[in-house]
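Enquirer: Residue 89 in the working numbering sits at position 89 of the sequence shown; the count goes up by one each step and never skips.
Bear in mind the hints are in silico, worked out from the structure with no lab data behind them.
Hints are supplied without guarantee of correctness; some may be wrong.
Said to hold, decoys possible - Restricting the straight-line Cα-Cα distance to at most 30 angstroms, the calculated cross-link-like pairs of lysine-lysine (DSBU-like) are:
{"#": "1", "residue 1": "Lys27", "residue 2": "Lys74"}
{"#": "2", "residue 1": "Lys48", "residue 2": "Lys83"}
{"#": "3", "residue 1": "Lys129", "residue 2": "Lys65"}
{"#": "4", "residue 1": "Lys147", "residue 2": "Lys65"}
{"#": "5", "residue 1": "Lys27", "residue 2": "Lys147"}
{"#": "6", "residue 1": "Lys83", "residue 2": "Lys65"}
{"#": "7", "residue 1": "Lys27", "residue 2": "Lys151"}
{"#": "8", "residue 1": "Lys93", "residue 2": "Lys129"}
{"#": "9", "residue 1": "Lys131", "residue 2": "Lys83"}
{"#": "10", "residue 1": "Lys136", "residue 2": "Lys93"}
{"#": "11", "residue 1": "Lys27", "residue 2": "Lys131"}
{"#": "12", "residue 1": "Lys74", "residue 2": "Lys131"}
{"#": "13", "residue 1": "Lys83", "residue 2": "Lys147"}
{"#": "14", "residue 1": "Lys147", "residue 2": "Lys93"}
{"#": "15", "residue 1": "Lys65", "residue 2": "Lys27"}
{"#": "16", "residue 1": "Lys129", "residue 2": "Lys27"}
{"#": "17", "residue 1": "Lys48", "residue 2": "Lys74"}
{"#": "18", "residue 1": "Lys48", "residue 2": "Lys131"}
{"#": "19", "residue 1": "Lys151", "residue 2": "Lys65"}
{"#": "20", "residue 1": "Lys48", "residue 2": "Lys27"}
{"#": "21", "residue 1": "Lys27", "residue 2": "Lys136"}
{"#": "22", "residue 1": "Lys48", "residue 2": "Lys129"}
{"#": "23", "residue 1": "Lys129", "residue 2": "Lys83"}
{"#": "24", "residue 1": "Lys151", "residue 2": "Lys136"}
{"#": "25", "residue 1": "Lys129", "residue 2": "Lys74"}
{"#": "26", "residue 1": "Lys151", "residue 2": "Lys74"}
{"#": "27", "residue 1": "Lys131", "residue 2": "Lys65"}
{"#": "28", "residue 1": "Lys151", "residue 2": "Lys83"}
Said to hold, decoys possible - With beta-carbon atoms standing in for the labels, derived distance ranges:
{"#": "29", "residue 1": "Ala162", "residue 2": "Gly97", "range": "41 to 51 angstroms"}
{"#": "30", "residue 1": "Leu85", "residue 2": "Gly150", "range": "10 to 20 angstroms"}
{"#": "31", "residue 1": "Asp135", "residue 2": "Thr29", "range": "20 to 30 angstroms"}
{"#": "32", "residue 1": "Met178", "residue 2": "Lys131", "range": "34 to 44 angstroms"}
{"#": "33", "residue 1": "Tyr118", "residue 2": "Ser69", "range": "37 to 47 angstroms"}
{"#": "34", "residue 1": "Gln66", "residue 2": "Met178", "range": "41 to 51 angstroms"}
{"#": "35", "residue 1": "Ala165", "residue 2": "Val49", "range": "36 to 46 angstroms"}
{"#": "36", "residue 1": "His107", "residue 2": "Thr29", "range": "40 to 50 angstroms"}
{"#": "37", "residue 1": "Gly123", "residue 2": "Thr145", "range": "36 to 46 angstroms"}
{"#": "38", "residue 1": "Pro36", "residue 2": "Asn77", "range": "26 to 36 angstroms"}
{"#": "39", "residue 1": "Ala165", "residue 2": "Asp120", "range": "38 to 48 angstroms"}
{"#": "40", "residue 1": "Met178", "residue 2": "Leu100", "range": "15 to 25 angstroms"}
Since the model is a prediction, treat every value here as computed from it, not as a measurement.
Glycine included, each C-beta is placed from N, C-alpha and C at the ideal position.
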Amino acid sequence: MFATFATFATLAALATGCTAGADAVSKGTALQAEGPGTSGALGYSDVKVGDIFRMAFPLTRNISKQAVSVTGVKILNVPAGVKILGYSVYSVKDTPGYLLGYYETRHPSAGSVDPGAYPDYAGHPYAIKPKALSDKYAMVRVQVTGKVTGKISGCEADYTQAGHAYRQTLSCRFGLDM
1 MFATFATFAT
11 LAALATGCTA
21 GADAVSKGTA
31 LQAEGPGTSG
41 ALGYSDVKVG
51 DIFRMAFPLT
61 RNISKQAVSV
71 TGVKILNVPA
81 GVKILGYSVY
91 SVKDTPGYLL
101 GYYETRHPSA
111 GSVDPGAYPD
121 YAGHPYAIKP
131 KALSDKYAMV
141 RVQVTGKVTG
151 KISGCEADYT
161 QAGHAYRQTL
171 SCRFGLDM
């Protein structure tokens, strides 16, 4: 009977993902969002179905006393009418500063800078020193697929710090107004 109970307990733990020694992702607090996207909504107006945009995540500061290594980013809330095409990571050292966005399907206006012309660090973790603002920033690439029903929001960052995995949601909002 003990063997049956032990087997059942092991199967129950595996089913719920609660196995001994499994690396859990904890809620992070080491990052702080900064820049224009944190106090309002960035975005575009007069968008049409088929339009493609790139929009920047907020700049990220490590407010802790230990370095972090950002391993991934994603948007949490994607309204109907919007499709995520991918994510990129750029450096202010490569680009002419912090690029807020880019309207890919319109002819570039004067001063418009295509982030796709610069090195993309997506897929490679990047470190942020303690108490420092990162020189890297993420961008999401989206396409309008239908009537956009709300704002894009919730910029999530996955990172490691001192051998532990963390996930943190940063404030951000993007509007695509039709």
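Enquirer: Where does the structure disagree with the numbered hints, that is, which hint numbers, in rising order?
Expert: Hints 4, 5, 6, 9, 14, 18, 19, 20, 22, 23, 29, 33, 37, 38, 39 not satisfied by this model.
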